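Based on the provided sequences and hints, a complete structural model is requested.
In order, the protein sequences belong to chains G and H.
Following this note's numbering, the residues of the first sequence are numbered contiguously, the last one being 311.
Following this note's numbering, the residues of the second sequence are numbered contiguously, the last one being 355.
Just so you know, the hints here were simulated from the structure itself, not pulled from any lab data.
Keep in mind it's a predicted model, so treat the numbers as computed, not measured.
All residues carry an ideal CB built from backbone N, CA and C; glycine is no exception.
Among these hints, one or two may not hold up.
[Unchecked claim] Result set (EDC-like, lysine to aspartate or glutamate): computed pairs, CA atoms no more than 20 angstroms apart in a straight line:
1) G:K220 with H:D150
2) G:K303 with H:D150
3) H:K22 with H:E42
[What the hints assert, rightly or not] Partial pick of chain H residues on the chain G-facing surface, computed with a CB cut under 10 angstroms:
4) M85
5) P106
6) R109
7) E155
8) A171
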Amino acid sequence: MAKYIGKRLLYMILSLWMIVTATFFFMRIAPGNPFASEKKLPPEIEANLNAHFGLDKPWYAQYWEYLVRIVNWDFGPSFKYKSQTVNDLINEGFPVSFLLGMEAIFIAVAIGVILGIVAALKHNRWPDYTAMIVAVLGISVPSFIMASFLQYFLAIKMGIFPVARWESFMHSVLPAVALASTPMAFIARLTRSSMLEVLANDYIKTAKSKGLSRGVITVKHTIRNALLPVVTYMGPLTAGILTGSFVIERIFGIPGLGAHFVTSINNRDYTVIMGVTVFYSILLLVSILLVDIAYGIIDPRIKLAGGKKGE
Amino acid sequence: MEKLLEVKNLEVSFQTYGGTVKAVRGVSFDLHKGETLAIVGESGSGKSVTSQSIMKLIPMPPGRITGGQILLSGDDIVPKTEKQMEKIRGKEISMIFQDPMTSLNPTMRVGTQIMEVLIKHQNMSKTDAKNRAIELLRLVGIPMPEKRVDQYPHEFSGGMRQRAMIAIALAANPKLLIADEPTTALDVTIQAQILELMKDLQNKMDTSIIFITHDLGVVANVADRVAVMYAGQIVEMGTVDEIFYDPRHPYTWGLLASMPSLENDDKADLAAIPGTPPDLTNPPKGDAFAARNKYALAIDFEEEPPMFQISETHFAKTWLLHPDAPKVEPPEAVKKRIRQLSSTFEKPVIVKEGK
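Okay, structure coming up:
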């Protein structure tokens, strides 16, 4: 197990290096630069700025310098937000995005799995149809439309939740629900189909022939086997929710990291683009590793150690 | 001998998009304590549905027991609720399935799967159940059971998994074991071992067995009595000797003739029963086998044959046994095996309905 994780960490560093390299060069290829704004800057000042941020050096020197900085967990100063470093931006924005993301993932998984299980157990009866209508709605309605609906009905018309901003738990409910709706619907469908597949297996008949009750069969024999596809989906879901939250953050005026990610690209704020990309990549790589470890725990047939084939 | 199980006029049908399929159409048989009854027939003859109905394991809906009684030690289980059935399944009746590769839960330790039965039906504590599970694994011939008990099904071979299934099935000392083609998915050497094991355990535990198979070789090996099923009905039933040495129903003849044997020379083709079983959405009028039967009489297409009794234990459902029927010769392969059995009646007797 330790050997496996060590190996995986090595691969993660390799992938990270590739991501950093690709982002670095693509960013440079994109036209424009951080200081290209409405007003044309005098050439002397621009040269000064370039020198200040190290942009006057040849690309390989910049690239090398950047790699060294990342290893030291220093993403450098922001080009646009004066007096703030990228590390400051991440330290401020990430906890907010993380909280929102976790809340959304929790809602998506909890409600999605429950809907899926109920639908599968009441296959082709009304709870199944209801759950699947909810799921189709969740998948087809984009999160920003869902957000506006929630704001309009629950916040403005009924006044149950605040419309926007990030101050208390109540403020987080609507954005989390809006963010969770699509993955929740997806998880519900995934859980349902995988439950139905498992329920048709011979070992469910065996469990029944042992005289076990329906509840025991569902909990001990069905759900565990049915959750594997859901766990698979957790990796991309985490990444999707963390990076995808910028729309929701915009709509609800939440000071998260997502907003910086988008504006930094428009601003050609090189260090912020790089810093946030690297940060998200690490999150994604870690979540994929966690998913793979979770596999091994849920399904004993999946061996993490690798190498030894067939026994 | 004490009757453990009596099935009377069992009828089971399934609701499908194409209409109602009458999978079992009036099956009656009984089973004594410690006896092995083999049910043979081709795919779709209703043998699995019959046996699963005895545990009420058929999916309801779309399945439904539309008539008849299933008496277990005199107690009808047809009207019982699911909750009541939970006390019977695994405890009074248990079942082994065809494919050991899929009939164990892949994410649960083998030991735990055995312990579930013990904890449910014998009220054992976890530690006692685990010790008993180890004992059971040893009983079914799994080496190093202390180690095996904590392993997962994928660490077992096919034969060992079927042994583990047998351990699960026998954990609560059931009175009746239903084995639904337990050796079909195994290779021949393992088949023999599993059959040997089942016979051995039956002697030790005095369990009755219903053995479902389409392999007549297996039948000769394990069964005391044989019921031949066709199109949801029992067409012939008798002791192993009666079915193998004095078969009376043309369908049984067909089955026996199509069994390869060492005595067959390589000149003769292996016989086969032509055609396919009838569609049970609309069972044919008369004898369901008539269309495939070269011995069919005119009456076979008009009226269903009654059950004739040939000896105390031997029954066959064919018009050929009627006194007015023409004398026909069974196929060569069957004729070779026929012997005069002492128990046979002078003349076949029609069994009155609801005997």
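Given A171 of chain H as an interface hint, is its Cβ closer than 10 angstroms to any Cβ of chain G? holds, 8 angstroms
Does the CB of P106 of chain H sit less than 10 angstroms away from some CB of chain G? Hint holds; P106 of chain H Cβ to chain G Cβ min 6 angstroms, cut 10 angstroms.
Minimum beta-carbon distance criterion (10 angstroms), M85 of chain H to chain G: holds, 8 angstroms
Hinted pair K220 of chain G and D150 of chain H, Cα distance within 20 angstroms: Holds, at roughly 17 angstroms.
Mind checking the alpha carbons of K303 of chain G and D150 of chain H for me, to see if they're no more than 20 angstroms apart? holds, 16 angstroms
Holds or violated: the hint that E155 of chain H contacts chain G, with Cβ atoms closer than 10 angstroms. holds, 7 angstroms
Next pair to validate is K22 of chain H with E42 of chain H; report whether the Cα-Cα distance is within 20 angstroms. Given that 20 angstroms is the threshold and the Cα spacing comes to 16 angstroms, the pair holds.
Quick one, is the R109 of chain H hint okay against chain G at 10 angstroms, beta carbons? holds, 8 angstroms
Of the numbered hints stated above, none is contradicted by the structure.
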